[in-house]
Each structure stands twice: as structure tokens, then as C-alpha cells.
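**Student:** As given, the protein sequences belong to chains U and L, one line each in that order. For the first sequence, the positions run 65 to 450 when the numbering used here is used. For the second sequence, the positions run 24 to 289 when the numbering used here is used.
Hints in this document: simulated from the structure, not taken from any laboratory. Accuracy of the hints is not assured; some may be wrong.
[Said to hold, decoys possible] A short list of chain U residues far from chain L (calculated; beta carbon distances all over 10 Å):
| hint | residue |
| --- | --- |
| 1 | 86 |
| 2 | 109 |
| 3 | 133 |
| 4 | 136 |
| 5 | 139 |
| 6 | 190 |
| 7 | 342 |
| 8 | 358 |
| 9 | 386 |
| 10 | 413 |
| 11 | 418 |
[Stated by the list, open to error] Here are the simulated distance ranges between beta carbons:
| hint | chain 1 | residue 1 | chain 2 | residue 2 | range |
| --- | --- | --- | --- | --- | --- |
| 12 | U | 265 | L | 119 | 31 to 37 Å |
| 13 | U | 132 | L | 274 | 47 to 53 Å |
| 14 | U | 232 | L | 170 | 49 to 55 Å |
| 15 | L | 102 | U | 170 | 48 to 54 Å |
| 16 | L | 93 | U | 119 | 42 to 48 Å |
| 17 | L | 171 | U | 170 | 36 to 42 Å |
[To be verified] Here chain L is said to cover these stretches of chain U; the calculated rule only asks that three of the stretch's residues, wherever they fall, bring their Cβ under 8 Å from a Cβ of chain L:
| hint | region |
| --- | --- |
| 18 | 174-181 |
| 19 | 302-309 |
Just so it is clear, the structure is predicted and the values come from calculations on it, not from any experiment. For every residue, glycine included, the Cβ atom is placed at its ideal position computed from N, Cα and C.
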Amino acid sequence: METATRHPACPDLPGDVCRIVEQSDETMILALEGRLDADAVALLWHPLVDYIEKEAPQNLCIQADKISYCDGAGIGLLMELARKQRKREAQFKLRGLKEEFARLWSLYRPEDFLEIGSSRPHPCCLPEEVGRLACQAWRGLLDMVCFTGELTVALLQAARHPRSIRWPEVWLVAEKAGVNALPIVGLISFLIGLIMAFQATIPMRQFGVEIYIANLTALSMLRELGPLMTALLLAGRSGSAFAAELGTMKINEEIDALTTMGLAPVPFLAVTRVLATVIILPLLSLFANLMGLVGGAVVLRSLGYPLITYINQVKSAVNLVDLAGGLFKTLAFALIVAGVGCLYGLKTRLSASAVGDAATRAVVSGIILIVIADGLFAVIYYFLGI
Amino acid sequence: MPEKVQDTVIEVKDLAVGYGDSVVLRDISFNVDRGEIFIILGGSGCGKSTLLKNMIGLYRPLAGQVLINGRDMATAEGTRRRELLRSFGVMYQSGALFGSLTLMENVRLPLEEFTELPDRAMDLIAVMKLEMVGLGGYGHYMPSELSGGMRKRAAIARAMVLDPQILFLDEPTAGLDPVISAEMDQLILQLAESLNMTFVIVTHELPSIYAIADRVIMLDRQAKGIIASGPPKRLRDASENPRVQAFFRREAIPEVVQEESESSHE
Ligand SMILES: Nc1ncnc2c1ncn2[C@@H]1O[C@H](COP(=O)(O)OP(=O)(O)OP(=O)(O)O)[C@@H](O)[C@H]1O
Ligand SMILES: [Mg+2]
Numbered sequence: 065m066e067t068a069t070r071h072p073a074c075p076d077l078p079g080d081v082c083r084i085v086e087q088s089d090e091t092m093i094l095a096l097e098g099r100l101d102a103d104a105v106a107l108l109w110h111p112l113v114d115y116i117e118k119e120a121p122q123n124l125c126i127q128a129d130k131i132s133y134c135d136g137a138g139i140g141l142l143m144e145l146a147r148k149q150r151k152r153e154a155q156f157k158l159r160g161l162k163e164e165f166a167r168l169w170s171l172y173r174p175e176d177f178l179e180i181g182s183s184r185p186h187p188c189c190l191p192e193e194v195g196r197l198a199c200q201a202w203r204g205l206l207d208m209v210c211f212t213g214e215l216t217v218a219l220l221q222a223a224r225h226p227r228s229i230r231w232p233e234v235w236l237v238a239e240k241a242g243v244n245a246l247p248i249v250g251l252i253s254f255l256i257g258l259i260m261a262f263q264a265t266i267p268m269r270q271f272g273v274e275i276y277i278a279n280l281t282a283l284s285m286l287r288e289l290g291p292l293m294t295a296l297l298l299a300g301r302s303g304s305a306f307a308a309e310l311g312t313m314k315i316n317e318e319i320d321a322l323t324t325m326g327l328a329p330v331p332f333l334a335v336t337r338v339l340a341t342v343i344i345l346p347l348l349s350l351f352a353n354l355m356g357l358v359g360g361a362v363v364l365r366s367l368g369y370p371l372i373t374y375i376n377q378v379k380s381a382v383n384l385v386d387l388a389g390g391l392f393k394t395l396a397f398a399l400i401v402a403g404v405g406c407l408y409g410l411k412t413r414l415s416a417s418a419v420g421d422a423a424t425r426a427v428v429s430g431i432i433l434i435v436i437a438d439g440l441f442a443v444i445y446y447f448l449g450i
Numbered sequence: 024m025p026e027k028v029q030d031t032v033i034e035v036k037d038l039a040v041g042y043g044d045s046v047v048l049r050d051i052s053f054n055v056d057r058g059e060i061f062i063i064l065g066g067s068g069c070g071k072s073t074l075l076k077n078m079i080g081l082y083r084p085l086a087g088q089v090l091i092n093g094r095d096m097a098t099a100e101g102t103r104r105r106e107l108l109r110s111f112g113v114m115y116q117s118g119a120l121f122g123s124l125t126l127m128e129n130v131r132l133p134l135e136e137f138t139e140l141p142d143r144a145m146d147l148i149a150v151m152k153l154e155m156v157g158l159g160g161y162g163h164y165m166p167s168e169l170s171g172g173m174r175k176r177a178a179i180a181r182a183m184v185l186d187p188q189i190l191f192l193d194e195p196t197a198g199l200d201p202v203i204s205a206e207m208d209q210l211i212l213q214l215a216e217s218l219n220m221t222f223v224i225v226t227h228e229l230p231s232i233y234a235i236a237d238r239v240i241m242l243d244r245q246a247k248g249i250i251a252s253g254p255p256k257r258l259r260d261a262s263e264n265p266r267v268q269a270f271f272r273r274e275a276i277p278e279v280v281q282e283e284s285e286s287s288h289e
């Protein structure tokens with residue numbers, strides 16, 4: 065006790081829980097008392113650990129007989145002191161800890177905790193990261209090629225034996241991805257037709273050719289915007305849903321179960337979804353075309369033109385080839401949306417956030433591929449003179 | 024800590040639980056005392072997990088109430104609710120580890136949420152708890168990289184990390200090997216004794232029931248309620264109910280009884 069004055073007690077230590085009983089060059093005796101629960105330890109941890117670190121006693125002895133309660137947090141604090149001492153190759157003694165807490169303490173050995181790994185593996189250096197990403201990208205590409213092949217084979221097989229297709233499932237997907245999408249597709253295309261026509265009003269009026277708004281709306285809706293917007297909507301709405309659905313199945317080992325039951329996942333899951341999408345996307349985009357034209361009609365009506373004039377103008381502006389050209393594109397878009405959704409779903413890695421990642425990637429890749437395909441179609445149609 | 028007078032931590036009064044219109048259990052009443060290891064038994068699908076989820080306030084009971092430390096979980100709000108949440112830990116039947124977090128982050132999460140401990144302290148405590156369930160060195164693994172039993176143990180570690188007053192464990196030892204099961208039992212006994220923690224455990228493991236249980240209640244699907252309660256040995260030796268006997272003798276339920284109760288069910 066008499067030596068306590070030589071090293072004045074660390075002022076930061078909360079005196080009611082922790083007292084320095086004796087301190088000499090070699091030895092420090094520390095008394096802990098009261099409740100050592102998470103709240104007390106939270107206050108005590110930094111001051112005490114820092115203080116011991118600074119003083120670095122050769123012998124640290126904890127008098128624990130006055131500890132009335134000591135849960136995991138308290139044991140954690142004692143463990144921190146013990147492992148710090150051990151790391152410095154100094155002595156640690158725990159004296160008088162009540163029987164019940166001593167048994168908790170004896171569940172652990174300080175030497176197990178000399179190094180506490182961080183909670184996540186360290187991110188590595190840049191070149192390694194780049195290499196890893198490149199490898200991943202390459203593997204992703206291979207996956208895509210493999211999957212495209214598998215899907216093609218499965219689709220051909222299905223075409224040869226249409227009875228083997230699980231039609232109830234196809235109709236179910238068609239309902240979810242198609243019928244239920246009608247309101248949003250209708251609304252968006254109506255607004256696009258309306259806005260386009262409305263924006264065109266002012267320049268057209270300057271030349272007194274407002275009636276050509278009908279041509280503008282009809283051509284751009286039928287050839288481009290109807291199919292494209294519908295496909296993009298579907299990619300966001302159903303492509304992501306496919307990826308999430310299949311991803312969840314993968315995580316829950318449902319895909320494994322299918323495989324062991326002799327049902328290959330691609331024909332069983334992907335073909336139904338691809339077929340459903342191929343069936344509904346043209347229909348949806350037909351609907352979108354119609355709603356876009358309605359939007360244009362509303363604008364022209366409000367400018368005072370009779371409906372019949374608008375209809376005649378539309379008839380003269382576009383023909384069936386325009387319509388068919390637009391709808392034909394949707395077949396390709398449908399393959400892309402459903403294929404990409406299923407691909408990312410089936411390639412989901414085994415962790416919960418992976419489902420989210422899969423859905424995100426399905427949407428992003430789907431949109432990019434759709435736009436690229438649309439560009440290709442534009443070029444092809446140009447050379448074909450359509 | 025001086026030996027406390029027996030006080031009740033959980034009071035279940037005339038509870039009815041179920042989903043929507045379908046009642047799974049009704050007229051459930053029991054008390055759990057502090058420091059007690061209380062076991063809920065019953066056949067598969069009889070509503071043990073449902074009862075547990077009602078007790079921790081996840082679902083609203085169809086009737087009756089559950090008081091934890093004298094407070095009704097279903098109506099507690101704000102800081103009251105937080106205090107209540109702090110006072111118990113739960114392990115779900117499926118483990119319910121967060122798949123996007125490593126094991127250590129999973130175990131740390133309650134500490135981050137409920138305590139002011141410094142970062143290093145949380146790391147150390149998380150590692151210690153993992154070590155306690157035999158998962159030392161797996162801290163940076165993702166849950167998806169573990170076996171089923173390892174996930175279960177990590178979930179136990181997460182439920183215990185705050186050393187709460189009450190622990191609700193839904194089949195903590197199902198799927199664990201006998202050695203680890205026995206270790207878990209030791210751990211539970213240890214915590215109940217040292218920290219006076221209260222345990223409410225759903226389990227089917229007879230050896231572990233004999234080893235740790237202070238009191239058991241047995242639920243039944245046909246009866247939609249408690250068919251027996253008491254210390255496990257007394258239930259085994261003295262219960263008249265053939266279903267209880269069958270359970271403790273690990274026999275198929277005699278056909279006569281099955282028919283009887285099915286007809287009474289109709
Ligand atoms: N989300 C839910 N909606 C409707 N009914 C449910 C739901 N979850 C469970 N049930 C029904 O409630 C009853 C009890 O289920 P519960 O999960 O509580 O059983 P359990 O006793 O925990 O069984 P086990 O030992 O197999 O885990 C079952 O009959 C089940 O069909
Ligand atoms: Mg259950």
C-alpha cells in the first residue's frame with residue numbers, strides 16, 4: 065500500500081470499480097470490484113488497458129474477490145489484460161475470483177487469443193485484385209457461353225417435343241411477368257406517346273404541319289420505342305425476379321435437389337421462363353404500341369383534329385412491315401431478358417447478398433444487351449431496307 | 024451474487040397462438056423463474072417455434088399475454104422495448120445468421136447495437152464466444168462456407184454474446200454431434216449457475232433434457248395445449264398420459280391412443 069504514492073493512480077480509472085493497490089517497478093496489484101458487466105467494462109476498457117500498456121508491469125496481479133458479477137464482457141476485459149501480459153512475456157495472475165465466475169473464466173485460455181484476426185479477410189493488393197476480377201470476368205463470359213449453349217439445346221429439345229414442356233408453369237410465369245405488367249407497360253407507353261407528341265407540337269406548329277405528329281408517334285412507337293421500352297421494363301421487372309427466384313432456389317439447395325431428382329435445372333426452370341417471356345413480350349409490346357398511339361391521339365384531339373383524321377394519318381404513315389419489324393425484335397429481347405435473368409440466378413454464389421447481386425447484375429446486363437441488340441437490328445433493318 | 028428469492032421472469036397467461044384464423048395452441052399458462060432451465064417439448068409441428076416467437080413478441084398472440092420482467096412485449100414501445108430486447112437473446116431454429124456478414128460480424132452485431140464497448144473489446148468478446156462454441160479461427164468465414172452444425176453453433180454464440188438475462192433457444196443441439204451437444208449442455212448449465220441466466224429451450228434430445236432441465240412442459244398437437252409439465256424424471260416415471268410415456272420411451276404412439284385422440288379431435 066505504501067508504494068501506491070510512488071506512482072499516483074491513473075486519474076482516468078473509474079475509482080469505484082478499479083483501484084491500484086500496489087505498484088512497484090516490477091509488480092502491479094489491481095483491485096477490481098462491483099459489477100463487471102458490459103456497461104461497466106465499456107467505461108473501464110480504454111483507460112485500464114491503456115494504463116497497463118503504458119506502465120508495462122512485469123507482474124500484473126488482479127484482486128478479484130470483490131467482483132460481484134462478471135459476465136462475458138468482464139471476462140473479456142480480464143482476457144485482454146492476460147493476453148497483453150502474455151504477449152509481452154510478463155506475468156498475469158488472477159486472485160480470488162469467485163468460484164462461479166472462475167468457472168466461466170476457465171472456459172478460455174489466453175494463449176488462444178494472442179492474435180485476433182480481423183473480422184474480414186484483408187483486401188489484397190491491387191494487382192491481385194485486378195487479376196481476380198479479370199479471372200472472374202473471363203469465367204463469367206465462359207458461363208454465359210455455356211449457358212447459351214445449354215439453353216439452345218434445351219429449347220430445341222422442347223421444340224421437338226412440345227409435350228415435354230411444363231405448360232402450367234409457362235402460363236403461370238406468363239401471367240406473373242405479362243398480365244400483371246399490363247398496367248405499368250400501358251401507363252409508361254401512354255405517357256411516352258403523349259409526351260413525344262406534345263413536345264413535337266411546337267416545332268410542327270411553326271410549319272403548320274401538326275398533323276404529322278401522327279406520323280412521328282406512329283413510326284417511333286411501332287419501330288423503336290414500343291418494343292424497346294417494353295423490353296426494358298420487363299428486364300427491370302421480370303429479369304430481376306427470375307434471377308432472385310432462381311438464386312434463392314440455389315441457396316436453399318433446391319437446385320441441387322432438382323439435379324439429384326434427374327431434372328436438369330436449365331430445361332426445368334429456364335426453358336419455361338424463356339418460353340413464357342417469348343410469348344408475352346410481343347403481346348406486351350403490341351399493347352404498348354397501342355397505348356403510345358392513344359397518347360398521340362389525345363394530344364392531336366386536344367389540338368382540335370378529329371380522331372378519324374389521326375387514324376387515317378397513322379394508317380398512311382406506317383405499314384405492317386414496320387409493325388412486324390418492331391415485334392420481331394421483341395423475340396430477341398425476350399430471349400435476352402429471360403436468358404440473362406436465369407443465367408445470373410443459376411450462377412448465384414452461396415450467400416444471402418448474392419441473390420441481390422444476381423438480380424442487380426441481371427438487370428444491368430439485360431439492359432445493356434437489349435440496347436446493343438436494338439442497335440444491331442437498326443443496322444440490319446437499314447441494309448434490308450425495312 | 025447473493026442467492027435471490029425465486030422471482031418470476033416470464034409469465035405466460037392464457038395464451039393462444041396461431042396464424043390468422045388457425046389456432047395452433049390455446050390456453051397456455053406457465054411461469055418461468057429466474058435461473059431456471061425451462062424446456063418446451065412436443066412433437067414436430069405442434070407449435071413450439073410458434074409459441075417461442077409469440078413469447079419474444081415477434082407475433083402478436085391471438086389471446087392472452089406474455090410478460091417478460093413484468094412487461095408485455097407486445098405493447099412495449101420505445102426505450103422500454105429496447106430494454107426488453109436487451110434482456111433476452113434468441114437463437115432461431117434455422118440459425119438465422121446474416122449471410123452477408125462474416126461469423127465474427129454476426130456475433131459482434133448485438134454488441135454494437137446494445138453496448139458502448141470499444142471496437143477491440145467487441146472483437147475480443149466475439150472471438151471468445153466463437154471459441155466457446157468451438158469455432159475459434161472461423162471468425163472471417165461467411166455463414167455459407169460452414170456446415171449446418173457449425174452454423175448452429177455460431178447462432179448460439181450470437182444469441183449468448185450479450186449474456187442476456189434470458190435466452191430463448193430453438194433446438195440448439197439438433198444436428199450437433201453428441202460430444203458437442205454435451206459441451207453445449209455444460210455451457211448452458213454453467214451460464215445458468217454463474218450468471219443466473221434463465222433458459223427457455225426447445226429441444227428433443229432426451230439425454231440433454233435429463234442433464235439440464237429444471238422443468239419441462241410438453242405440448243401436443245391434438246390437444247392444442249400443454250399435456251404435461253414438471254421435472255423431466257417425474258414426467259418419465261409418473262406420467263399417466265400415453266403420449267408423454269411414448270415420448271420418453273421413444274416409442275411409436277400406441278395405435279389405440281392415436282385413434283382415440285383423433286376422434287376426440289374431430
Ligand atoms: N407462417 C406460418 N403460417 C401458417 N401456419 C404456420 C406457419 N408457420 C407454422 N405454421 C403451422 O403452425 C404449426 C406449428 O408450427 P411450428 O413451426 O411452431 O412447429 P414446431 O413445434 O416448432 O415444429 P418442429 O419441431 O418441427 O420445429 C404447424 O402446424 C405449421 O403448419
Ligand atoms: Mg420449430
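**Student:** Run every hint past the structure and note whether it holds.
**Tutor:** Each hint, compared with the structure:
| no. | hint | in the structure |
| --- | --- | --- |
| 1 | 86 | 26 Å, holds |
| 2 | 109 | 5 Å, violated |
| 3 | 133 | 6 Å, violated |
| 4 | 136 | 5 Å, violated |
| 5 | 139 | 7 Å, violated |
| 6 | 190 | 21 Å, holds |
| 7 | 342 | 34 Å, holds |
| 8 | 358 | 42 Å, holds |
| 9 | 386 | 48 Å, holds |
| 10 | 413 | 8 Å, violated |
| 11 | 418 | 8 Å, violated |
| 12 | U/265 to L/119: 31 to 37 Å | 58 Å, violated |
| 13 | U/132 to L/274: 47 to 53 Å | 49 Å, holds |
| 14 | U/232 to L/170: 49 to 55 Å | 37 Å, violated |
| 15 | L/102 to U/170: 48 to 54 Å | 37 Å, violated |
| 16 | L/93 to U/119: 42 to 48 Å | 46 Å, holds |
| 17 | L/171 to U/170: 36 to 42 Å | 29 Å, violated |
| 18 | 174-181 | holds (count 4) |
| 19 | 302-309 | violated (count 0) |
The structure is inconsistent with the numbered hints 2, 3, 4, 5, 10, 11, 12, 14, 15, 17, 19, although it conforms to all the rest.
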